[in-house]
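K.L.:
Sequence:
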Amino acid sequence: MDQGLAALIAGIAGAVGGLGGAIAGGFAAARGARIGAEKTAAALLRQTQDQGEIEHQHWAREQRRVTCTEVMKLYEEFAKAVVAVLGPLRNGEVPSTENHLELVRITSRFPLASRQVELWGPADLGRAATDLAQRAHDGVQALSTWGHAVQLGAPDISTRQANYEAVEIKEAFAVFLRMAGQALRTPND
Numbered sequence: 001m002d003q004g005l006a007a008l009i010a011g012i013a014g015a016v017g018g019l020g021g022a023i024a025g026g027f028a029a030a031r032g033a034r035i036g037a038e039k040t041a042a043a044l045l046r047q048t049q050d051q052g053e054i055e056h057q058h059w060a061r062e063q064r065r066v067t068c069t070e071v072m073k074l075y076e077e078f079a080k081a082v083v084a085v086l087g088p089l090r091n092g093e094v095p096s097t098e099n100h101l102e103l104v105r106i107t108s109r110f111p112l113a114s115r116q117v118e119l120w121g122p123a124d125l126g127r128a129a130t131d132l133a134q135r136a137h138d139g140v141q142a143l144s145t146w147g148h149a150v151q152l153g154a155p156d157i158s159t160r161q162a163n164y165e166a167v168e169i170k171e172a173f174a175v176f177l178r179m180a181g182q183a184l185r186t187p188n189d
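The numbering of the sequence shown is the working numbering, which starts it at 1 and goes up by one.
Don't read these hints as lab results, they were simulated from the structure. Computed from a predicted structure; not experimentally measured. Treat each hint with caution, since some may be false.
Claimed, not checked - In silico EDC-like cross-links for lysine to aspartate or glutamate, where the CA-CA straight-line distance does not exceed 20 Å:
1) Lys80 / Glu53
2) Lys170 / Asp138
3) Lys80 / Glu168
4) Lys80 / Asp138
5) Lys73 / Asp131
6) Lys170 / Glu98
Build out the structure end to end from the sequences listed, making use of the hints.
P.N.:
The following block contains the structure:
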């Protein structure tokens, strides 16, 4: 074989080998790029899901804070209304109808407020809110009974019940506050 023909065959073989290597390298590069893109997409999806979960937890905790704050404000209104009714009763007088109706109106808002707390949880906090609502209702009933007893001239028996209910309401509010603080400090509830 002559040197020219050998060089031509070697050149063709080199070109075919180079072309084959380039094609194989291209396929490998494309496959590597595809795998890299899939891994990047999976990591991005997971990061997005994690961020979404964190944002949802933050949002839910904020809703819980708002509902707990509403119950605390309602309790403040309730306590002021109780004082307006309690003052005359302690003096042996019947409270004004206006003050009594205001107390009843405020107390009637407790069930809705407690259901909102139950909605956002946790369950212990919801139970504490429901107990507070029930205690407020019982307290108003005791004050109403005391008012009727004052009208009849026999307030002593009702006074004890009203004082008992007052202690129960304060204890229920203290439990609610403790549970609310715990629920708002817990990041994953």
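K.L.:
Which of the listed hints are broken here?
P.N.:
1 and 6
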